[in-house]
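**Q** Read top to bottom, the protein sequences are chains L and V. At position 257 of the first sequence (counting the first as 1) the number is 256 in numbering that gives the first Met the number 0, and the numbers step up by one without a gap. At position 210 of the second sequence (counting the first as 1) the number is 209 in numbering that gives the first Met the number 0, and the numbers step up by one without a gap.
You may find that some hints are simply not true.
One side only, chain L facing chain V, incomplete, derived with CB under 10 Å [as the list claims (entries may be wrong)]:
1) 25
2) 27
3) 31
4) 33
5) 42
6) 45
7) 46
8) 47
9) 267
10) 269
11) 272
12) 273
13) 275
14) 310
15) 312
Some residues of chain V that are not near chain L, with every Cβ distance over 10 Å (derived) [to be verified]:
16) 104
17) 170
18) 272
These are computed hints drawn from the structure, not numbers from a lab. Glycine residues also receive a C-beta, built at the ideal position from the N, C-alpha and C atoms.
So you can see what is in the structure, the chains are spelled out below.
Protein chains: 2
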Amino acid sequence: MNGFVEQHAEQVRLAAERIHGRVRRTPTLTTDLDAEVRLKPECFQVTGSFKPRGAFNAILSLVARGDRPPGVIAVSSGNHAQAVALAASTVGLPALILIPEDANPAKVAATRALGAEVIQEGITFANREQRLREVMAERGFVLVHPFDDWDVIHGQGTAVRELLHDEPELDVVATPVGGGGLLAGSAISAKSHRPGLKVVGVEPAAADDAYRTWRSGAIQTLATSPATLADGVRTTAIGTRNFEVMFGHGLVDEIVTVTEEEIAGAIQVAWSRLHLALEPTGTLPLAAYLSGKLPKGRVGLVLSGGNANLQTVATLLETK
Amino acid sequence: MNGFVEQHAEQVRLAAERIHGRVRRTPTLTTDLDAEVRLKPECFQVTGSFKPRGAFNAILSLVARGDRPPGVIAVSSGNHAQAVALAASTVGLPALILIPEDANPAKVAATRALGAEVIQEGITFANREQRLREVMAERGFVLVHPFDDWDVIHGQGTAVRELLHDEPELDVVATPVGGGGLLAGSAISAKSHRPGLKVVGVEPAAADDAYRTWRSGAIQTLATSPATLADGVRTTAIGTRNFEVMFGHGLVDEIVTVTEEEIAGAIQVAWSRLHLALEPTGTLPLAAYLSGKLPKGRVGLVLSGGNANLQTVATLLETK
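This is chain L alone, in the form it adopts within the complex (with noise of 0.2 Å):
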């Protein structure tokens, strides 16, 4: 154990007592599958993704520290825009969501019913960064980042830590990986909980630039959003303190990656077996063991989310 894994770790426990009463303690579940495996089924979790983990610690910190902004701010199409919106809410701070014009209209209006305002018009995937700047400067808000934000990443890691709380002799924790919020949170639990537990991140091949970046010990950032069923996942490279906890401080052991057929067919397993309905991101930990790829042992899957696409879960699930 060293000072970094410990310093944070305290900050993860301190995330966990701030957000107690605003998140569900989600349960530990075993399944039929193999009786190694535990899963951490965050689609249980308010608004159906891990995410409010992370938004709460970062707006209550935010309010804690007695800034008081006159809102905050985020970019956002899926599952961070709905944490973002919930957590101002609940402490009444306005929120603001900037949602590319070709967003899911489901979860438009999902961050909408929560309470924050959304602005679409004239937002690209391309431009959304310069917008997010002038909207910022406009209005003084204040960032809530998805991902590179240690209150954010701090907030995250209490996933894990309840898990091992649950499942204390766990020898292998798998989580997915995107911009490497959860997956940072998750090593620095994993790693404080004990030293030689093996944590492992997970990602779509065709978007592998978290394996790319492990493998190079330097930051990779893909040329485009990719193309995949697992659509959390789809940022373009890992954050810079995600960098330093997962591979600068190395507390992330492995970095793998599975198709889209092994995605569509975790997605399967989930639905048909272990009676989950997840969203193919969430499905990513269960894809990498379903295909061999995890070390061996015995074995957390946090699985991240259930906000489904239905026509295309409906789509897979026929085609069983």
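Since the structure of chain L is provided, determine the placement of chain V on it from the hints.
**A** Same frame as chain L, but now just chain V:
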């Protein structure tokens, strides 16, 4: 509290001890739908439904009494078949399951995979009771009835016993009702917990024998096995022991019925908002809740299983 409830609640307590370690302690879930609702997701039980609670209690009780028949037998094309197969193989007893010829091949395969012998040839819905008696006479196997059996009823009662341990302040408990094993066991657990706790059975309007039995005060039998999405509750009448608990002793307050449209809507809500991949029968209490048919207050919904026909569900999800 009367002596009947006390005596049977003690049997449920003993059943919980007996099956401990054989079945799963399923979690109690909260949802984003309504802060007053609690879910008991028996889709996470071994084999994907609540049925092993009763099957293990019946078979372990049989063995504990010193009976050691040459085997056990059941008639089922669904969840009870897998439960009996698993419980029998656990204690080293042969299991023979009679399954009608037109049953879902996937369920037949699942039952065989659990080590049971399956007889399908010449078995129809109409002649299966007759064939059962013949095979029992030939082989001396002991029947494990799916619902009209005290050990089965007491085993099924352990689910609501756990739910009320987690959530002692519930005002209402709702379960599906087919033959009445789950509902009778649940009613024993609920009324011994607090006599004022309301117990509601939910069945499809297309299979309303329990509703008509409740209204008339005598067991009513459907002329034929009904067509309903909820294929787990197609029994044509509740059992005599189930009647005694539910209506003879008045432990069930009400039976409500739901339409096929309400069941379809509940499946969609379960899969899209609760992130539970339930079978249609498992959604019956949710359908009753969503259509405003349950009493007000803190409601516990027992979601009985997750072994859905994926083709059926895929079609429902696509039409959402």
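**Q** Now tell me, hint by hint, if it's right for this structure.
**A** How the hints compare with the structure:
no., hint, result
1, 25, "holds (9 Å)"
2, 27, "holds (8 Å)"
3, 31, "holds (6 Å)"
4, 33, "violated (13 Å)"
5, 42, "holds (4 Å)"
6, 45, "holds (6 Å)"
7, 46, "holds (7 Å)"
8, 47, "holds (6 Å)"
9, 267, "holds (8 Å)"
10, 269, "holds (8 Å)"
11, 272, "holds (8 Å)"
12, 273, "holds (8 Å)"
13, 275, "holds (6 Å)"
14, 310, "holds (7 Å)"
15, 312, "holds (7 Å)"
16, 104, "holds (14 Å)"
17, 170, "holds (22 Å)"
18, 272, "violated (8 Å)"
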